[in-house]
Amino acid sequence: MLLVFALCYLGMSGLALAMPRHFRQLRQHEPSGAQQRTLRVLGCAALAIGLGLCVRLLGFQIGLVSWFCLLMLGGLAVSSLLAWRERWTVPAGPVLVALGLLSSVV
Amino acid sequence: MSLRQSMAGLHTWGGLLPSWLLYVIIFTGTVACFDKELERWMRPALHDDSSAQLTAEGARNWVMANADKDLHAIWMRGPNEREPFWAVHWMTNAGEQGKAMLDPATGAPLAETLGGQFFFTLHYNLHADTLGMYVVGLAGMFMLVALVSGVIIHRRIFKDFFTLRPRANGQRAWLDAHNLFGVVGFPFHLLLAYTGVVVFVASYMPAGGQVAYGNDQEAYFTEVTGSYHREEVGRPAPPAVSLDGLLRDAQARWTGAQPGWIVIEHPLDASAVVAIRRADASRIGDLGGTLSYDAATGELLHVQEQPPFYRAYSWMVGLHMAQFGGTLVRALYLMLGLAGCAMVVAGTRVWLRKREARAVPGVALVRALDGAVYLGLPVASLALLWANRLLPAELPWRASGEGWTFVIAWLAVALWSALARHHWRLALRSQLVLIGLLALGLPLLSLLAAPNGHLLAALPRGDWGLVGVDLALLAIGLIALIQAWRLNPDPVARPARRAPGRLEEAL
Numbered sequence: 001m002l003l004v005f006a007l008c009y010l011g012m013s014g015l016a017l018a019m020p021r022h023f024r025q026l027r028q029h030e031p032s033g034a035q036q037r038t039l040r041v042l043g044c045a046a047l048a049i050g051l052g053l054c055v056r057l058l059g060f061q062i063g064l065v066s067w068f069c070l071l072m073l074g075g076l077a078v079s080s081l082l083a084w085r086e087r088w089t090v091p092a093g094p095v096l097v098a099l100g101l102l103s104s105v106v
Numbered sequence: 107m108s109l110r111q112s113m114a115g116l117h118t119w120g121g122l123l124p125s126w127l128l129y130v131i132i133f134t135g136t137v138a139c140f141d142k143e144l145e146r147w148m149r150p151a152l153h154d155d156s157s158a159q160l161t162a163e164g165a166r167n168w169v170m171a172n173a174d175k176d177l178h179a180i181w182m183r184g185p186n187e188r189e190p191f192w193a194v195h196w197m198t199n200a201g202e203q204g205k206a207m208l209d210p211a212t213g214a215p216l217a218e219t220l221g222g223q224f225f226f227t228l229h230y231n232l233h234a235d236t237l238g239m240y241v242v243g244l245a246g247m248f249m250l251v252a253l254v255s256g257v258i259i260h261r262r263i264f265k266d267f268f269t270l271r272p273r274a275n276g277q278r279a280w281l282d283a284h285n286l287f288g289v290v291g292f293p294f295h296l297l298l299a300y301t302g303v304v305v306f307v308a309s310y311m312p313a314g315g316q317v318a319y320g321n322d323q324e325a326y327f328t329e330v331t332g333s334y335h336r337e338e339v340g341r342p343a344p345p346a347v348s349l350d351g352l353l354r355d356a357q358a359r360w361t362g363a364q365p366g367w368i369v370i371e372h373p374l375d376a377s378a379v380v381a382i383r384r385a386d387a388s389r390i391g392d393l394g395g396t397l398s399y400d401a402a403t404g405e406l407l408h409v410q411e412q413p414p415f416y417r418a419y420s421w422m423v424g425l426h427m428a429q430f431g432g433t434l435v436r437a438l439y440l441m442l443g444l445a446g447c448a449m450v451v452a453g454t455r456v457w458l459r460k461r462e463a464r465a466v467p468g469v470a471l472v473r474a475l476d477g478a479v480y481l482g483l484p485v486a487s488l489a490l491l492w493a494n495r496l497l498p499a500e501l502p503w504r505a506s507g508e509g510w511t512f513v514i515a516w517l518a519v520a521l522w523s524a525l526a527r528h529h530w531r532l533a534l535r536s537q538l539v540l541i542g543l544l545a546l547g548l549p550l551l552s553l554l555a556a557p558n559g560h561l562l563a564a565l566p567r568g569d570w571g572l573v574g575v576d577l578a579l580l581a582i583g584l585i586a587l588i589q590a591w592r593l594n595p596d597p598v599a600r601p602a603r604r605a606p607g608r609l610e611e612a613l
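Chains P and U, in that order, give the protein sequences. For the first sequence, the numbering used here gives the first residue as 1, with consecutive numbering after it. For the second sequence, the numbering used here gives the first residue as 107, with consecutive numbering after it.
The following block holds chain P by itself, in its conformation from the complex (with noise of 0.2 Å):
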């Protein structure tokens, strides 16, 4: 399940990062228009996937429902992460991810 709010975290991730207010808080230059497509993209992508696998594991009423709550906390994790230590926005995705897959492979 951690990997599943990885995935969560990183699609909320990309979606705020492919806004040019968030992006901007990063880089110190304005997104481009592939970058944000890109962004918005992969972002949507991890959403999916990470929706794909709860519902595999633990069905689709209570998987849909889990996906949701742990959407949420991903959205209010990067808001967090953005408010007070930007610099952890990105590597936390990967981070989590691989935390994730160990605890899954555990």
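If you are wondering where the hints come from, they were derived from the structure by calculation, not from laboratory data. Hints are supplied without guarantee of correctness; some may be wrong.
Calculated cross-link-like contacts (lysine to aspartate or glutamate; reagent style EDC-like; alpha-carbon spacing at most 20 Å) [what the hints assert, rightly or not]: (1) K265/U x E30/P; (2) K265/U x E86/P; (3) K205/U x E500/U.
We have chain P already, so just place chain U on it with the hints.
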């Protein structure tokens, strides 16, 4: 006046006035996600795993021997993983109710305590029965109104979706926090407020049922839920068949599903019926399938089939109650519930910040209420747990002692907040320190008062229910102390370093 302007007024006042009540409801609902874990935490007799000796038959015999003689109905629930004890409730023909929790090892009633159930009851009726249930329903309607009007007046829902500016001026920072917790958590808040109001829909909107069924509420509920009911015949009941045999039969018919509540209707009458409900944590909604047996012969009389409407209702109630999906779902609900508390707290802070400079009447009142409720309730809850650990288990008035501790602690914090409303930063800081010390002290107190339930005993056993409560208390204590330490009592000296938005984490 445009729609947005009129909705802004509605959101401001329709949100502010019930906000303290909503905080109480959301906070206790959040705690109630783990009410059963808390219940066991508060009952040290259940801390070591003792094997269950008391059977359903034994539990029924206990009620027959100890309850009043004109029994109308008995409700019983057997031990399970989260609640390893027998819960028995009964009602007499005169309408008097009684209950007991029976130790599965000895069959004797467990020591008195309010238990985790206290928070659940506070959540849905404020311990004020029917009146409280209506008040909570009204608050739920106000929450729905505030959520919808909030969406209408928010000009930049998507642009500000992830925006939180803790270093901005006070009002801006609190508005960001209010918007963030409200918008990102919106699906949760909306669904939980809606399904919460739905739970008691038959009481909130009784007209349809009363028109169609007259005063025969029993017929109404029997037909709506698709269950079975048999009228008394006025002859004494013949000896009853073994309850444990009926439970085995029910499990066989459900192909292994566990039984939940067992209801025995008029057990002293020849028409006595045993209804066995199914407990299924693998689904959101209760699927029905309750089996009704003749208490004397054991003959299967009826299998419940829920009408489609009632199935939809069960699904919505199930979504609210979070008894599916195990600890994971309950932990997610807990965190989103905290986000709901944060939304309410930040909302009143926006109202205050906007009016503080202009010395609007009511600012001191709102500030005092904030302190009294937002910090008073956590302090009172922790005080209740302290009373549970300090009052000896054999005390007959232990439960009411816990209740009085809760009330007095809350009143004390309320009085403190009212008296200190002009030095509210200092009061806030000392109240946070109090929360921190109370929360950190509880796991330590358990070392003395709960020999089998404290961290050092429960951790090696892998007893995560008890470990989780203690770890949560330690985390709450540390966060409260850190926030108290960071909170600047003199805002003029270092205005840029204040960190609004953090405070709600401490709550």
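A quick look at each hint next to the structure:
1. K265/U x E30/P: holds (16 Å)
2. K265/U x E86/P: holds (18 Å)
3. K205/U x E500/U: holds (18 Å)
Against the hints set out earlier in the document, no violation occurs for any number.
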